[in-house]
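Undergrad: In my numbering, each residue carries its 1-based index in the sequence shown increased by 1376.
Derived from the structure by calculation, the hints contain no laboratory data. It is possible that some hints are incorrect.
Claimed, not checked - Distance ranges between label pairs, derived from CB positions:
(1) R1382 x R1428: 48 to 54 Å
(2) K1411 x Q1431: 24 to 30 Å
(3) D1547 x Q1424: 44 to 50 Å
(4) R1418 x W1549: 50 to 56 Å
(5) R1575 x Q1381: 40 to 46 Å
(6) P1462 x R1575: 38 to 44 Å
(7) H1509 x S1457: 24 to 30 Å
(8) I1379 x D1489: 49 to 55 Å
(9) R1418 x T1394: 18 to 24 Å
Ideal placement from N, C-alpha and C gives every residue a C-beta, glycine not left out.
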Amino acid sequence: QTIRQRRALLSGTLLFDTLLFTGGITDPASLYPPKDLSALRRLVAAIQDSSRFDQIKRDSAIYYLLKWHETDDRARSFASSMGVHPQFTALTDAYWYLDQGVHIRKAIALLSDCRVARDWTSKIMQIISLAPHSEASDMIVQYVRTVRPLLIEAEDIELYLTALAEKSILDAWRFISTFDDYDMRHRLLQLILHWSVQRAYIRCSIYRT
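Construct all of the structure, not just a fragment, from the sequences and the given hints.
TA: Structure below.
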């Protein structure tokens, strides 16, 4: 898949786009991926000239771009020469894997490092959910249990609940019981009941065929 195809799959925004947004680069899609060497220079200049990037984010963004040259290890050489701390290269590695849709489990393992900031939970969960169905639920549960991100958005909570139900309906019920808010519990109960009925219908349809 090309970068543009991945961006389209991810509702128009890569994790790298989000990083560029934080640096005040308002239209990442116009700069990344660069079409040629001149475009690459413009992108690098935009990163280096941004007053909203601290040095860590600036170096991380350049490191991300250099990961396209993994065969000659330019990214690692850059990180070493700039003194980029391993926790930041690990975080950038994770974002690069997620944006490319490769080595998702490795990305989750990198994000589980307690030194790594737990940002952009919704986007990460969206990316994981795009994995093959047989793997997505397992990896979503792995992500939440090992990385322990704050699940604030309703979509993230519901995605985790259905992933839990795929693995263990009992764990799904236990998760629902952790909510004190009646309306939220009721909403999640309705969701899991609907999921259970839909699941049973699919199984019956398979048996009939």
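Undergrad: None of the hints should be skipped; say for each whether it holds.
TA: Here's how the hints hold up against the structure:
no. : hint                      : result
1   : R1382 x R1428: 48 to 54 Å : 25 Å, violated
2   : K1411 x Q1431: 24 to 30 Å : 28 Å, holds
3   : D1547 x Q1424: 44 to 50 Å : 47 Å, holds
4   : R1418 x W1549: 50 to 56 Å : 53 Å, holds
5   : R1575 x Q1381: 40 to 46 Å : 31 Å, violated
6   : P1462 x R1575: 38 to 44 Å : 43 Å, holds
7   : H1509 x S1457: 24 to 30 Å : 43 Å, violated
8   : I1379 x D1489: 49 to 55 Å : 26 Å, violated
9   : R1418 x T1394: 18 to 24 Å : 20 Å, holds
When the structure is compared with the earlier hints, violations turn up for hints 1, 5, 7 and 8 and for no others.
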